[in-house]
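Residue-level listing of the chains:
Number of protein chains: 2
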Amino acid sequence: MTAGFAPLATPPYIAVIFAAQLKQDAPGYAAMADHMVALAQAQTGYLGHDSARDADGFGITVSYWRDLDAVASWRRNAEHLMAQKLGHDRWYEHYTLRVAEVTRSYDSHDFDARIGKDGG
Amino acid sequence: MTAGFAPLATPPYIAVIFAAQLKQDAPGYAAMADHMVALAQAQTGYLGHDSARDADGFGITVSYWRDLDAVASWRRNAEHLMAQKLGHDRWYEHYTLRVAEVTRSYDSHDFDARIGKDGG
Numbered sequence: 001m002t003a004g005f006a007p008l009a010t011p012p013y014i015a016v017i018f019a020a021q022l023k024q025d026a027p028g029y030a031a032m033a034d035h036m037v038a039l040a041q042a043q044t045g046y047l048g049h050d051s052a053r054d055a056d057g058f059g060i061t062v063s064y065w066r067d068l069d070a071v072a073s074w075r076r077n078a079e080h081l082m083a084q085k086l087g088h089d090r091w092y093e094h095y096t097l098r099v100a101e102v103t104r105s106y107d108s109h110d111f112d113a114r115i116g117k118d119g120g
Numbered sequence: 121m122t123a124g125f126a127p128l129a130t131p132p133y134i135a136v137i138f139a140a141q142l143k144q145d146a147p148g149y150a151a152m153a154d155h156m157v158a159l160a161q162a163q164t165g166y167l168g169h170d171s172a173r174d175a176d177g178f179g180i181t182v183s184y185w186r187d188l189d190a191v192a193s194w195r196r197n198a199e200h201l202m203a204q205k206l207g208h209d210r211w212y213e214h215y216t217l218r219v220a221e222v223t224r225s226y227d228s229h230d231f232d233a234r235i236g237k238d239g240g
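Chain order of the listed sequences is V and D. Position one of the first sequence corresponds to residue 1 (my numbering), numbered consecutively onward. Position one of the second sequence corresponds to residue 121 (my numbering), numbered consecutively onward.
Don't take every hint at face value.
Claimed, not checked - As a list, the in silico EDC-like pairs of lysine to aspartate or glutamate whose alpha-carbon atoms are at most 20 Å apart:
#  : chain 1 : residue 1 : chain 2 : residue 2
1  : D       : K143      : D       : D154
2  : D       : K143      : D       : D176
3  : V       : K23       : V       : D110
4  : D       : K143      : V       : D25
5  : V       : K85       : D       : D145
6  : V       : K23       : D       : D230
7  : V       : K23       : V       : D56
8  : D       : K205      : V       : D110
9  : V       : K85       : D       : D230
10 : V       : K23       : D       : D174
11 : V       : K23       : V       : D107
12 : V       : K85       : D       : D176
13 : V       : K23       : V       : E93
14 : D       : K205      : V       : D107
15 : D       : K205      : D       : D154
16 : D       : K143      : V       : E93
17 : D       : K205      : D       : D145
18 : D       : K143      : V       : D107
19 : V       : K23       : D       : D227
20 : D       : K143      : D       : D189
21 : V       : K23       : V       : D54
To be verified - Simulated coverage check for chain D against chain V, where a stretch passes if three residues somewhere in it have a Cβ under 8 Å from a Cβ of chain V:
#  : stretch
22 : 156-167
23 : 175-181
24 : 201-214
25 : 219-228
Stated by the list, open to error - Per label pair, the in silico range of CB-to-CB distance:
#  : chain 1 : residue 1 : chain 2 : residue 2 : range
26 : V       : R104      : D       : T164      : 42 to 48 Å
27 : D       : L201      : V       : A9        : 37 to 43 Å
28 : D       : L206      : V       : Y106      : 43 to 49 Å
29 : D       : L206      : V       : D89       : 32 to 38 Å
Since the hints were made in silico from the structure, they are not lab data. For each residue, glycine too, the CB sits at the ideal point set by N, CA and C.
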């Protein structure tokens, strides 16, 4: 396991897929993003997250949660609500958010056992 | 809608969440990645994808599909199988892949109607 990958929890669990284009000028964003990661990690039901942002400010963060109750609690967290509003009003040009139930997960170590098998 | 975002399809649909760390030297990767995008776009049931890669070569690609049959067909595509093998053997230090069913999705235009509502 390479550092930085969210651990593979046992399905089913929830993925929140957040894709966002930052504005060219987004003062305060980086510090708030770091704070939100620390806050999320302290939430009940948090399982990990993966995040990547390209040089043009387009980023994807996928956070993983035990169940929908954990997602709902995080969504209503007071500091997170404030961050969501700042993100909407100041930092993000546009974003999309999807809530999904993970049914299967594996990693590169599973390749030899998996490749060519059917089932999607 | 900002260019580059996958359109918001009507749930339910499938998200394939692929996170990968590229090796420092990954010759041929970029051309193959472009070709795979073109090939995926021609598949039945392809709904779009979002992709971001940071300066250290850690990237997330989320592709969206109408149903699991579409995912299975894409997974078994002959050229895609070859690309998967090259990715495993040559290009990726490590990767994780998750298959998930999207149950809700929205974007920044929905913010005012959504924020503070319950339901996760």
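Taking the hints in turn, this is what the structure says about them:
Between D/K143 and D/D154, the direct Cα distance comes to roughly 18 Å. Compliance with the 20 Å bound is thereby established for this hinted pair. Proximity of D/K143 to D/D176 is assessed by CA-CA distance (about 9 Å); at most 20 Å being required, the pair is judged to hold. Pair hint V/K23 plus V/D110 does not hold up; C-alpha atoms about 39 Å apart against a cutoff of 20 Å. For the hint linking D/K143 to V/D25, the alpha-carbon distance of about 31 Å lies beyond 20 Å, and the restraint is violated.
Between V/K85 and D/D145 the CA atoms are separated by roughly 40 Å; this puts the pair beyond 20 Å, and the hint is violated. With a CA separation close to 18 Å, the supplied pair V/K23 and D/D230 stays within the 20 Å bound. At most 20 Å may separate the alpha-carbon atoms for a hinted pair to count; V/K23 and V/D56 meet this at roughly 9 Å. With a C-alpha separation of about 12 Å, the suggested pair D/K205 and V/D110 falls inside the 20 Å cut-off, and the hint holds.
For the hint pairing V/K85 with D/D230, the CA-to-CA distance comes to about 12 Å; that is within 20 Å, so the pair holds. Taken as a hint, the V/K23 and D/D174 pair is honoured in the structure, with Cα atoms around 17 Å apart against an allowance of 20 Å. With a C-alpha separation of about 33 Å, the suggested pairing of V/K23 with V/D107 is violated against the 20 Å cut-off. Distance hint between V/K85 and D/D176 is unfulfilled; the C-alpha atoms sit about 30 Å from each other, more than 20 Å.
Our distance criterion of 20 Å between C-alpha atoms is met by V/K23 and V/E93, whose separation comes to about 5 Å. Among the hinted pairs, D/K205 with V/D107 is consistent with the structure: their alpha-carbon atoms are about 13 Å apart, no more than 20 Å. A distance of roughly 16 Å separates the Cα atoms of D/K205 and D/D154; the hinted pair therefore holds under the 20 Å criterion. With a C-alpha separation of about 31 Å, the suggested pairing of D/K143 with V/E93 is violated against the 20 Å cut-off.
The suggested pairing of D/K205 with D/D145 holds, with an alpha-carbon distance near 17 Å, which does not exceed 20 Å. The hinted pair formed by D/K143 and V/D107 meets the criterion: a straight-line CA distance of about 16 Å does not exceed 20 Å. Distance check on the hinted pair: V/K23 and D/D227 sit about 16 Å apart at the alpha-carbon level, within 20 Å; holds. The suggested pairing of D/K143 with D/D189 is violated, with an alpha-carbon distance near 31 Å, which exceeds 20 Å.
About 13 Å separates the Cα atoms of V/K23 and V/D54, which keeps this hinted pair within 20 Å; it holds. Residues of the stretch 156-167 of chain D lying with their CB closer than 8 Å to a CB of chain V number 0, which falls below the three-residue condition for coverage. Look at the stretch 175-181 of chain D against chain V: 4 of its residues bring a Cβ nearer than 8 Å to a Cβ of that chain, three or more, so the hint holds. Coverage of the stretch 201-214 of chain D by chain V holds. Counting CB-CB distances below 8 Å, 7 residues qualify, and the rule asks for three or more.
Evaluation of the coverage hint for the stretch 219-228 of chain D: fulfilled, as 10 residues show C-beta separations to chain V shorter than 8 Å, against a requirement of three. Range check, V/R104 to D/T164: Cβ separation about 21 Å, and the 42 to 48 Å hint is violated. Separation of D/L201 from V/A9 is about 27 Å and departs from the stated range, judged on CB atoms against 37 to 43 Å. Range check, D/L206 to V/Y106: Cβ separation about 18 Å, and the 43 to 49 Å hint is violated.
For D/L206 and V/D89, the Cβ-Cβ distance of about 44 Å falls outside the hinted range of 32 to 38 Å, so the restraint is violated.
This entry does not satisfy hints 3, 4, 5, 11, 12, 16, 20, 22, 26, 27, 28 and 29, going by the numbered hints stated previously.
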